[in-house]
Amino acid sequence: MESEPAGGGDVVLSARRVSKSFSGVQVLFSVDFDLRRGEIHALMGENGAGKSTLVKVLSGFEQPTSGEVLLDGKPVKLPPNGAAEALGIVVIHQEFNLAEHLTVTESLFLGREVARFGVLDRKFMRRETRRVLDMLGSHISETAQISSLTVADKQMVEIAKAISRDARIVFMDEPTAVLSRDETEALFRQVRKLRDTGTSFVFVSHKLDEVTELTDRVTVLRDGQWVKTAPTALLDGESIAQLMVGRELSSLYPQKTEPNVDEARVLSVVGLNTAHVRDAHFDLRKGEILGFSGMIGSGRTELMEAIAGLCPRLSGEVRVGDRVLPAGDIQASAAAGLAYMTKDRKSKGLLLGSDMTTNLTLQSLDQHGKGGYLSPASEKKALARARRRFDIRVRDAGVVAGRMSGGNQQKLLLAKVMEITPKILIIDEPTRGIDVGTKQQIYHFIAALAREGCSVIVVSSEMPEIIGLCTRIVVMRAGRIVGVLEGDEINEQEIMRYSAGLKQKAVA
Amino acid sequence: MAANVTTEDQAEPKRRWQDIDLRAVAPFVALALLLLLGALVNPNFIGLNNLANVATRSAFIALIAVGATFVISSGDLDLSVGSMVAFVASLMILFMNSGAIADPGMMIAAAIVLALVVGALCGLANGLITTVGKIEPFIATLGTMGIYRGLTTWLSQGGAITLQSAEQQDLYRPAYFGVILGVPVPIIVVLVVTCIAAFILYRMRYGRHVVAVGSNAHVARYSGIKVDRVRTWAFVIQGVCVAIAVVLYVPRLGSTSATTGILWELQAITAVVIGGTALKGGASRVWGTICGAFILELVGNIMLLSNFISEYLIGAIQGAIIIIAMLVQRSLVRKS
Numbered sequence: 066m067e068s069e070p071a072g073g074g075d076v077v078l079s080a081r082r083v084s085k086s087f088s089g090v091q092v093l094f095s096v097d098f099d100l101r102r103g104e105i106h107a108l109m110g111e112n113g114a115g116k117s118t119l120v121k122v123l124s125g126f127e128q129p130t131s132g133e134v135l136l137d138g139k140p141v142k143l144p145p146n147g148a149a150e151a152l153g154i155v156v157i158h159q160e161f162n163l164a165e166h167l168t169v170t171e172s173l174f175l176g177r178e179v180a181r182f183g184v185l186d187r188k189f190m191r192r193e194t195r196r197v198l199d200m201l202g203s204h205i206s207e208t209a210q211i212s213s214l215t216v217a218d219k220q221m222v223e224i225a226k227a228i229s230r231d232a233r234i235v236f237m238d239e240p241t242a243v244l245s246r247d248e249t250e251a252l253f254r255q256v257r258k259l260r261d262t263g264t265s266f267v268f269v270s271h272k273l274d275e276v277t278e279l280t281d282r283v284t285v286l287r288d289g290q291w292v293k294t295a296p297t298a299l300l301d302g303e304s305i306a307q308l309m310v311g312r313e314l315s316s317l318y319p320q321k322t323e324p325n326v327d328e329a330r331v332l333s334v335v336g337l338n339t340a341h342v343r344d345a346h347f348d349l350r351k352g353e354i355l356g357f358s359g360m361i362g363s364g365r366t367e368l369m370e371a372i373a374g375l376c377p378r379l380s381g382e383v384r385v386g387d388r389v390l391p392a393g394d395i396q397a398s399a400a401a402g403l404a405y406m407t408k409d410r411k412s413k414g415l416l417l418g419s420d421m422t423t424n425l426t427l428q429s430l431d432q433h434g435k436g437g438y439l440s441p442a443s444e445k446k447a448l449a450r451a452r453r454r455f456d457i458r459v460r461d462a463g464v465v466a467g468r469m470s471g472g473n474q475q476k477l478l479l480a481k482v483m484e485i486t487p488k489i490l491i492i493d494e495p496t497r498g499i500d501v502g503t504k505q506q507i508y509h510f511i512a513a514l515a516r517e518g519c520s521v522i523v524v525s526s527e528m529p530e531i532i533g534l535c536t537r538i539v540v541m542r543a544g545r546i547v548g549v550l551e552g553d554e555i556n557e558q559e560i561m562r563y564s565a566g567l568k569q570k571a572v573a
Numbered sequence: 241m242a243a244n245v246t247t248e249d250q251a252e253p254k255r256r257w258q259d260i261d262l263r264a265v266a267p268f269v270a271l272a273l274l275l276l277l278g279a280l281v282n283p284n285f286i287g288l289n290n291l292a293n294v295a296t297r298s299a300f301i302a303l304i305a306v307g308a309t310f311v312i313s314s315g316d317l318d319l320s321v322g323s324m325v326a327f328v329a330s331l332m333i334l335f336m337n338s339g340a341i342a343d344p345g346m347m348i349a350a351a352i353v354l355a356l357v358v359g360a361l362c363g364l365a366n367g368l369i370t371t372v373g374k375i376e377p378f379i380a381t382l383g384t385m386g387i388y389r390g391l392t393t394w395l396s397q398g399g400a401i402t403l404q405s406a407e408q409q410d411l412y413r414p415a416y417f418g419v420i421l422g423v424p425v426p427i428i429v430v431l432v433v434t435c436i437a438a439f440i441l442y443r444m445r446y447g448r449h450v451v452a453v454g455s456n457a458h459v460a461r462y463s464g465i466k467v468d469r470v471r472t473w474a475f476v477i478q479g480v481c482v483a484i485a486v487v488l489y490v491p492r493l494g495s496t497s498a499t500t501g502i503l504w505e506l507q508a509i510t511a512v513v514i515g516g517t518a519l520k521g522g523a524s525r526v527w528g529t530i531c532g533a534f535i536l537e538l539v540g541n542i543m544l545l546s547n548f549i550s551e552y553l554i555g556a557i558q559g560a561i562i563i564i565a566m567l568v569q570r571s572l573v574r575k576s
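For the record, the sequence lines run as chains A and B.
Take 66 as the starting number for the first sequence in this note's numbering and just add one per residue.
Take 241 as the starting number for the second sequence in this note's numbering and just add one per residue.
These aren't lab readings, by the way, just hints derived from the structure by calculation.
Accuracy of the hints is not assured; some may be wrong.
[What the hints assert, rightly or not] Once the Cα atoms are required to be at most 25 Å apart in a straight line, the calculated PhoX-like pairs of lysine-lysine come out as:
id	chain 1	residue 1	chain 2	residue 2
1	A	K435	A	K445
2	A	K504	A	K488
3	A	K504	B	K374
4	A	K121	A	K351
5	A	K121	A	K142
6	B	K520	B	K374
7	A	K258	A	K272
8	B	K520	A	K321
9	A	K445	A	K321
10	A	K408	B	K466
11	A	K258	A	K219
12	B	K466	A	K435
13	A	K488	A	K351
14	A	K488	B	K374
15	A	K351	A	K411
[To be verified] Here's a subset of chain B near chain A, in silico, CB distances under 7 Å, partners left out:
id	residue
16	A264
17	A266
18	N293
19	F335
20	R443
21	R448
22	S455
23	N456
24	A457
25	L519
26	K520
[Stated by the list, open to error] Some but not every residue of chain A turned toward chain B, in silico, with C-beta under 7 Å:
id	residue
27	G418
28	L439
29	A442
Note that the Cβ used here is the ideal one computed from N, Cα and C, for glycine as well.
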């Protein structure tokens with residue numbers, strides 16, 4: 066392939082007025098995007114801005130609802146399920162697509178094994194794998210089993226796989242999230258080299274410094290809409306962050322009430338370490354709504370699960386009032402009045418095949434009868450109460466949870482957690498995948514709870530939500546608490562600066 | 241949250257005909273059809289005597305299957321129950337032959353207690369290997385299946401272990417052959433055990449935990465349920481149910497051998513599945529299980545009474561039944 070000046074080639078792949086909806090919910094609104102030959106194009110946006118959907122549309126994993134995709138200037142309908150690889154379009158997924166029991170070589174040549182006279186030419190394949198790995202500066206053995214590799218090495222294998230397929234267009238979704246600095250640099254060197262020979266890259270990342278270092282152009286999406294495309298040289302981290310956020314808060318949120326400074330500390334976490342979380346310290350006061358912000362994978366959920374006793378702690382202490390919570394004992398946490406509501410309502414929150422009553426009382430069965438006996442009448446009363454309190458609207462009280470709408474499921478999950486009448490409520494992603502009306506109800510419920518003296522921790526990837534609800538916000542990055550924002554500091558740009566690593570302050 | 245109750249919430253909707261869970265009813269419909277078929281094949285079939293006989297013979301599998309309902313509902317599987325029957329029975333008879341206690345009545349009582357304890361311990365072993373050892377229940381109980389069977393063969397030196405005291409035999413006989421108020425004792429035992437099991441499963445905290453663990457262990461854990469403890473207890477209950485079956489089995493022949501209870505685990509699992517309990521866990525239908533065990537025995541009985549199918553095909557027919565039951569279950573799931 067002939068060499069082209071960076072970012073100056075012809076357009077190889079583009080989206081023209083592409084819209085996409087999933088079961089009635091529109092996530093992309095008439096987005097334009099073009100990728101030139103031999104450029105590294107960053108795709109930026111907040112969680113839920115539509116980056117992943119756009120990547121899927123451009124790689125054939127999803128078909129656009131309207132609009133078209135052009136390959137080399139000609140409209141195409143890309144084949145689904147990764148078959149677009151045959152056209153030179155390769156996606157390196159955030160989640161790995163590697164079979165654990167194969168070796169590195171077998172993975173690289175999966176589906177296109179080299180054979181001579183019908184017999185696998187293992188020697189050739191091993192040599193070829195070694196060559197690609199060396200090119201990437203990776204020391205992984207070509208005969209190692211995938212299951213024995215670290216997460217970073219697996220990522221390397223994915224990248225080697227894409228490179229070894231002579232891809233023309235490579236999508237990388239957060240490829241450096243699990244790589245060390247050295248590995249990242251080796252990857253970037255390789256990406257630049259490939260770019261100079263005409264390969265095009267779409268680079269999805271939250272790390273602003275990497276984007277400014279590596280990419281030629283940046284496209285920013287916000288709420289499913291195209292905001293700006295510009296050469297990276299003309300932007301800096303600050304201005305990209307500004308483009309990604311910058312929207313006004315609506316009246317979705319209830320009035321904030323700040324707790325008094327002298328309110329009692331109901332929860333204190335001291336020097337907590339887990340597999341991923343490092344040295345977490347924070348306090349929660351009575352009646353406070355404390356927000357936890359950060360990128361996906363920043364360790365917020367792991368920290369909360371460690372506090373609630375769902376995830377092992379390596380060291381550190383969690384105190385509720387004067388009581389020290391034992392590690393890994395969710396029942397002790399519940400007894401101390403601490404409840405955790407998972408963000409994963411479908412696989413960790415609700416029994417989808419069971420009815421509302423079973424789900425509602427599962428965490429609080431000892432309230433419904435003595436000596437292991439369950440009173441149906443008592444459970445029925447609890448359900449009627451919960452349906453009134455949380456406005457769970459279903460036609461038939463016997464419906465199984467799996468058939469309820471996302472909003473009703475979320476309310477049921479909240480009701481279930483509230484059945485143990487906690488003094489401290491940790492809500493992980495309170496409004497993921499639910500409609501605006503239910504969101505508003507949940508926000509007002511959280512605010513009312515805090516006014517009644519309950520303390521709430523809200524973990525959310527949606528910044529407006531955290532800003533609209535919380536009086537104090539903790540920002541996490543790569544397993545550490547990197548900032549605590551109060552009062553005027555609470556705005557999207559500031560949170561973005563902390564969570565992207567542009568700013569960091571010692572935590573009191 | 242605002243208390244704007246919708247109008248539909250006001251009146252509790254009445255249970256309508258369509259609301260009935262077809263999967264819960266299916267085994268009983270199948271039973272009714274079988275009874276009808278049997279009556280057509282041979283008029284003697286529908287007689288109370290014959291049916292009581294069939295029910296009595298299905299008692300062993302029924303009791304084991306009640307335990308299997310707990311294990312399967314919690315998402316596990318126990319393949320060792322057939323071997324466990326043989327193992328517990330041989331220990332029980334060896335103990336009775338040992339003459340440790342002079343009074344035959346006391347001896348039998350002690351032997352029954354021993355059987356229940358050994359059964360519970362065998363179940364506990366299965367449970368701990370699966371939960372603490374974190375071994376797939378299929379593999380774990382495949383292993384103990386071999387162990388219990390092997391121990392039985394060793395205890396019996398490849399032959400049979402027979403109850404020697406005639407006095408004990410006479411005293412113990414009614415436990416299987418006895419009749420109370422016109423109902424054979426084994427049928428009464430099965431009904432009592434099933435009632436207790438149904439109460440535990442549907443009216444007690446533990447039963448709710450079993451179903452929660454079986455349908456989604458993550459949700460159970462996040463709800464503060466001690467998942468491993470629930471699973472282990474299910475195996476213990478299975479062991480106790482096996483022991484109860486043994487307590488009825490020993491007086492029947494007064495003897496046991498290395499081949500006792502072979503393939504009973506498959507029959508028990510078949511009964512559970514026919515009864516409408518999902519093999520992947522999460523739904524328990526213990527009355528359906530009893531119905532399933534009865535159906536299995538009925539099919540054999542009908543084949544015996546009819547002249548057009550060889551009774552040597554019983555195994556094949558039972559195998560076909562489990563496949564049909566699964567297909568029916570699946571199609572009912574799709575419809576509902």
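Results for each hint:
no. : hint            : in the structure
1   : A/K435 x A/K445 : holds, 16 Å
2   : A/K504 x A/K488 : holds, 22 Å
3   : A/K504 x B/K374 : violated, 41 Å
4   : A/K121 x A/K351 : violated, 45 Å
5   : A/K121 x A/K142 : holds, 13 Å
6   : B/K520 x B/K374 : holds, 18 Å
7   : A/K258 x A/K272 : holds, 21 Å
8   : B/K520 x A/K321 : violated, 47 Å
9   : A/K445 x A/K321 : violated, 35 Å
10  : A/K408 x B/K466 : holds, 21 Å
11  : A/K258 x A/K219 : holds, 21 Å
12  : B/K466 x A/K435 : holds, 19 Å
13  : A/K488 x A/K351 : holds, 9 Å
14  : A/K488 x B/K374 : violated, 36 Å
15  : A/K351 x A/K411 : violated, 31 Å
16  : A264            : violated, 13 Å
17  : A266            : violated, 17 Å
18  : N293            : violated, 37 Å
19  : F335            : violated, 33 Å
20  : R443            : holds, 6 Å
21  : R448            : holds, 6 Å
22  : S455            : holds, 5 Å
23  : N456            : holds, 6 Å
24  : A457            : violated, 10 Å
25  : L519            : violated, 14 Å
26  : K520            : violated, 10 Å
27  : G418            : holds, 5 Å
28  : L439            : holds, 6 Å
29  : A442            : violated, 12 Å
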